[in-house]
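K.L.:
In case you want the letters, here they are:
There are 4 protein chains.
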Amino acid sequence: MLEQLKEQVFQANIDLVNHGLVVLTRGTASGIDRESGLVVIKPDGIPHQKIKPKDMVVLNLYGQVEEGNLQPSGDAPTHLVLYRQFKNIGGVVHTYSEWATCWAQAGRGIPPLGTAHTEYFYGEIPCTRKMTRNEMESNFEHETGKVIVERFRELNPDQIPGVLVNNHGPFTWGADVNNAVQNAIALEKVAQMAFRTLIINPDAEMGAALLNKHFFKKNKNYGQK
Amino acid sequence: MLEQLKEQVFQANIDLVNHGLVVLTRGTASGIDRESGLVVIKPDGIPHQKIKPKDMVVLNLYGQVEEGNLQPSGDAPTHLVLYRQFKNIGGVVHTYSEWATCWAQAGRGIPPLGTAHTEYFYGEIPCTRKMTRNEMESNFEHETGKVIVERFRELNPDQIPGVLVNNHGPFTWGADVNNAVQNAIALEKVAQMAFRTLIINPDAEMGAALLNKHFFKKNKNYGQK
Amino acid sequence: MLEQLKEQVFQANIDLVNHGLVVLTRGTASGIDRESGLVVIKPDGIPHQKIKPKDMVVLNLYGQVEEGNLQPSGDAPTHLVLYRQFKNIGGVVHTYSEWATCWAQAGRGIPPLGTAHTEYFYGEIPCTRKMTRNEMESNFEHETGKVIVERFRELNPDQIPGVLVNNHGPFTWGADVNNAVQNAIALEKVAQMAFRTLIINPDAEMGAALLNKHFFKKNKNYGQK
Amino acid sequence: MLEQLKEQVFQANIDLVNHGLVVLTRGTASGIDRESGLVVIKPDGIPHQKIKPKDMVVLNLYGQVEEGNLQPSGDAPTHLVLYRQFKNIGGVVHTYSEWATCWAQAGRGIPPLGTAHTEYFYGEIPCTRKMTRNEMESNFEHETGKVIVERFRELNPDQIPGVLVNNHGPFTWGADVNNAVQNAIALEKVAQMAFRTLIINPDAEMGAALLNKHFFKKNKNYGQK
Numbered sequence: 001m002l003e004q005l006k007e008q009v010f011q012a013n014i015d016l017v018n019h020g021l022v023v024l025t026r027g028t029a030s031g032i033d034r035e036s037g038l039v040v041i042k043p044d045g046i047p048h049q050k051i052k053p054k055d056m057v058v059l060n061l062y063g064q065v066e067e068g069n070l071q072p073s074g075d076a077p078t079h080l081v082l083y084r085q086f087k088n089i090g091g092v093v094h095t096y097s098e099w100a101t102c103w104a105q106a107g108r109g110i111p112p113l114g115t116a117h118t119e120y121f122y123g124e125i126p127c128t129r130k131m132t133r134n135e136m137e138s139n140f141e142h143e144t145g146k147v148i149v150e151r152f153r154e155l156n157p158d159q160i161p162g163v164l165v166n167n168h169g170p171f172t173w174g175a176d177v178n179n180a181v182q183n184a185i186a187l188e189k190v191a192q193m194a195f196r197t198l199i200i201n202p203d204a205e206m207g208a209a210l211l212n213k214h215f216f217k218k219n220k221n222y223g224q225k
Numbered sequence: 001m002l003e004q005l006k007e008q009v010f011q012a013n014i015d016l017v018n019h020g021l022v023v024l025t026r027g028t029a030s031g032i033d034r035e036s037g038l039v040v041i042k043p044d045g046i047p048h049q050k051i052k053p054k055d056m057v058v059l060n061l062y063g064q065v066e067e068g069n070l071q072p073s074g075d076a077p078t079h080l081v082l083y084r085q086f087k088n089i090g091g092v093v094h095t096y097s098e099w100a101t102c103w104a105q106a107g108r109g110i111p112p113l114g115t116a117h118t119e120y121f122y123g124e125i126p127c128t129r130k131m132t133r134n135e136m137e138s139n140f141e142h143e144t145g146k147v148i149v150e151r152f153r154e155l156n157p158d159q160i161p162g163v164l165v166n167n168h169g170p171f172t173w174g175a176d177v178n179n180a181v182q183n184a185i186a187l188e189k190v191a192q193m194a195f196r197t198l199i200i201n202p203d204a205e206m207g208a209a210l211l212n213k214h215f216f217k218k219n220k221n222y223g224q225k
Numbered sequence: 001m002l003e004q005l006k007e008q009v010f011q012a013n014i015d016l017v018n019h020g021l022v023v024l025t026r027g028t029a030s031g032i033d034r035e036s037g038l039v040v041i042k043p044d045g046i047p048h049q050k051i052k053p054k055d056m057v058v059l060n061l062y063g064q065v066e067e068g069n070l071q072p073s074g075d076a077p078t079h080l081v082l083y084r085q086f087k088n089i090g091g092v093v094h095t096y097s098e099w100a101t102c103w104a105q106a107g108r109g110i111p112p113l114g115t116a117h118t119e120y121f122y123g124e125i126p127c128t129r130k131m132t133r134n135e136m137e138s139n140f141e142h143e144t145g146k147v148i149v150e151r152f153r154e155l156n157p158d159q160i161p162g163v164l165v166n167n168h169g170p171f172t173w174g175a176d177v178n179n180a181v182q183n184a185i186a187l188e189k190v191a192q193m194a195f196r197t198l199i200i201n202p203d204a205e206m207g208a209a210l211l212n213k214h215f216f217k218k219n220k221n222y223g224q225k
Numbered sequence: 001m002l003e004q005l006k007e008q009v010f011q012a013n014i015d016l017v018n019h020g021l022v023v024l025t026r027g028t029a030s031g032i033d034r035e036s037g038l039v040v041i042k043p044d045g046i047p048h049q050k051i052k053p054k055d056m057v058v059l060n061l062y063g064q065v066e067e068g069n070l071q072p073s074g075d076a077p078t079h080l081v082l083y084r085q086f087k088n089i090g091g092v093v094h095t096y097s098e099w100a101t102c103w104a105q106a107g108r109g110i111p112p113l114g115t116a117h118t119e120y121f122y123g124e125i126p127c128t129r130k131m132t133r134n135e136m137e138s139n140f141e142h143e144t145g146k147v148i149v150e151r152f153r154e155l156n157p158d159q160i161p162g163v164l165v166n167n168h169g170p171f172t173w174g175a176d177v178n179n180a181v182q183n184a185i186a187l188e189k190v191a192q193m194a195f196r197t198l199i200i201n202p203d204a205e206m207g208a209a210l211l212n213k214h215f216f217k218k219n220k221n222y223g224q225k
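Chains as they are written, first to last, in UniProt numbering: chain A, 1 to 225; chain B, 1 to 225; chain C, 1 to 225; chain D, 1 to 225.
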């Protein structure tokens with residue numbers, strides 16, 4: 001079942017490799033079929049080079065395997081929390097991409113410094129608080145999802161489709177799994193350029209007007225009709 | 001019409017990709033036929049991988065489409081201001097290239113620090129002032145062109161064929177569209193090396209004599225006759 | 001003899017090149033057959049591009065050539081000290097990889113800053129003390145091994161499978177030669193990301209709980225059964 | 001004449017491209033036949049992609065073209081000064097390679113920080129003083145050679161086969177043109193790693209004992225007999 005979604009999720013996982021986002025073998029993309037409430041995700045511990053579309057694992061929103069003989073990615077519990085709480089998202093990506101992970105390790109959100117940022121993220125890409133010992137020692141991946149949701153209590157995940165998990169790495173999401181991959185690519189580039197920008201000028205910032213203008217303009221003014 | 005210029009502009013847009021200057025899909029090259037006053041530019045929202053020479057859009061200097069069924073690049077208004085104000089230029093390029101964009105986001109001009117810089121740019125590559133809320137909320141791309149022209153009030157665009165737009169990214173130009181691409185490549189390299197140079201020695205600078213010598217020498221002493 | 005190990009050690013040396021870890025021609029991988037106590041290592045001074053499995057040199061643990069007409073790598077004495085002292089390791093790698101070598105040159109250990117680090121290294125990747133003039137002027141490679149072992153007097157080499165030799169470069173090891181290569185790849189990425197993380201936030205650190213959790217979790221919870 | 005040397009010099013110029021050292025089209029390798037006192041150098045202004053062995057220009061040590069219809073590289077006067085003053089060298093390379101050029105622009109020599117450095121350069125890779133206005137306004141390339149020679153008045157060019165020309169870029173040399181290319185590759189890597197090392201630890205340095213040990217060891221202890 002969900003053969004088309006499996007194909008998309010498979011391709012998204014391959015795209016992560018092709019865009020250089022898979023570091024130290026870490027890189028998981030998933031997608032959801034909102035109608036059935038079923039999630040398709042990469043199997044665990046199998047190198048990207050060896051996966052096939054039919055290896056994708058089908059889960060329900062509570063983590064039970066509905067189809068497939070392989071174990072789902074160990075990151076699945078985080079993805080599931082996000083699908084349950086962020087009602088509009090259709091895909092999730094997690095990597096150790098080499099620039100975004102540094103901001104996550106530093107425990108710092110990435111401030112908006114230019115239109116390259118605001119075409120994808122409406123404001124700072126936030127970083128979660130550090131997790132407590134209790135949270136880590138129960139179900140780490142599940143608690144990771146919860147701490148992300150907590151961080152978005154006053155933020156709109158549809159306008160800021162990504163987060164940095166403290167001392168861990170980035171997650172992105174989007175309308176579908178391909179969009180989540182595009183946001184992971186954008187996050188990586190934004191993370192790289194913010195790093196360099198703040199070295200050139202530690203006081204760099206952009207005004208709210210440009211932030212508003214550019215984010216809301218993007219989907220309105222560009223492209224063919 | 002302008003089939004040869006369309007071919008050149010097409011190739012220039014592909015060259016931007018081949019030189020790694022297209023970041024987050026942003027990268028537009030255009031060229032002008034000064035005799036007819038017509039501008040050829042990449043269509044909007046179509047990935048570089050899919051464009052063909054015949055997709056290039058022909059505009060007059062006031063933005064009206066003279067040929068082509070596709071929308072011109074959303075950046076066209078900026079290009080048009082530059083063509084109207086900088087009378088000698090034949091091509092314009094805009095990207096989010098990964099080093100020059102950082103200087104733009106930092107709001108800092110790139111100082112000349114060595115002969116690699118002065119072979120292409122006679123002095124600092126300037127950064128525009130931040131735009132006002134009013135400028136942003138009217139026609140952002142048109143105002144972007146105006147703020148560039150304002151910044152060059154006392155500078156010679158033929159000697160400094162590039163600029164950084166504050167919180168946005170770089171524009172370069174040249175005698176023709178290929179020359180504008182070459183200047184975009186040079187700007188990127190100069191931006192990278194200035195970043196590193198000023199980390200090694202924050203007080204680095206070059207004397208006016210070497211700046212003069214090398215810039216004016218370039219087109220005189222080198223190459224085959 | 002040891003044809004299978006020669007093939008593995010050969011492949012590991014090629015893998016170092018393919019992963020970009022061979023800088024300035026430096027890059028040596030070796031493996032040990034614990035039953036016979038024989039070590040297989042790359043020959044000295046022959047470019048990686050030209051070696052074949054049959055060129056691998058077989059040594060005993062005291063450095064005598066047991067098979068092969070070529071000289072063993074000049075780094076062999078260091079490898080042999082590690083095999084003699086770290087009883088569980090099956091492979092060793094030494095490179096001048098471009099990020100880890102910088103930490104070695106800086107004389108600084110790499111602190112654990114995120115789960116990317118702790119999936120491979122349980123705590124700081126230590127740096128040795130500087131060697132004395134006497135140590136350098138006797139047998140440099142042998143003394144290099146001894147100073148590594150000294151540094152691990154209160155550390156567990158099975159939990160921290162790598163080290164930075166002061167003013168020199170990194171060594172990694174593992175259960176077999178392929179595992180040593182994987183740890184060299186991980187060390188390089190960790191070194192790169194720690195460099196950037198501490199620029200973003202000089203006070204970055206991770207708590208002991210996350211360190212424990214993630215290191216011990218890795219081999220338990222992930223992968224297919 | 002000198003067909004074999006032309007072939008070597010041609011190949012060396014191509015190697016500069018293949019190793020990523022040609023930045024902004026700048027990259028010239030030359031070689032000398034000490035018996036005849038003739039120098040073979042890349043022609044000027046022709047892209048590396050288009051040169052052929054037969055295009056190499058033959059000059060005498062005073063700059064007169066002995067063979068070839070093309071103009072010699074504009075950098076030839078610098079090469080000739082080095083060949084006249086550094087009696088043992090057989091090849092010279094000049095580039096704008098992206099790390100060494102930053103140290104040159106910063107006006108800073110590259111200190112020895114590890115064995116990767118001292119395997120190629122016995123001590124700091126020096127930077128020349130800034131040139132005077134007079135020097136620049138007479139024959140820039142010739143004066144560039146003279147300022148390099150001045151910098152080596154108390155240094156041994158056979159032990160330190162490279163230099164940074166202030167506000168300009170690196171030159172390297174060697175026993176032959178291929179060796180000069182190898183030293184250009186090494187200089188680039190050393191420049192990159194010193195940059196990063198001094199960010200990690202601004203007080204990094206290496207002792208004289210290790211410097212001596214490693215430099216003089218290199219050609220004695222390694223390789224096959």
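None of these hints come from the bench; they were simulated from the model. Do not take every clue at face value.
Unchecked claim - Subject to a maximum C-alpha distance of 16 Å in a straight line, what follows is the list of computed EDC-like cross-link-like pairs (lysine to aspartate or glutamate):
no.	chain 1	residue 1	chain 2	residue 2
1	A	Lys213	B	Glu135
2	A	Lys146	A	Glu135
3	C	Lys189	A	Glu98
4	D	Lys213	C	Asp176
5	B	Lys130	B	Glu143
6	D	Lys213	C	Glu141
K.L.:
Determine for every hint whether it applies to the structure shown.
P.N.:
Hints, verified against the model:
| no. | hint | in the structure |
| --- | --- | --- |
| 1 | Lys213(A) <-> Glu135(B) | 11 Å, holds |
| 2 | Lys146(A) <-> Glu135(A) | 10 Å, holds |
| 3 | Lys189(C) <-> Glu98(A) | 8 Å, holds |
| 4 | Lys213(D) <-> Asp176(C) | 32 Å, violated |
| 5 | Lys130(B) <-> Glu143(B) | 11 Å, holds |
| 6 | Lys213(D) <-> Glu141(C) | 12 Å, holds |
This entry does not satisfy hint 4, going by the numbered hints stated previously; all others are met.
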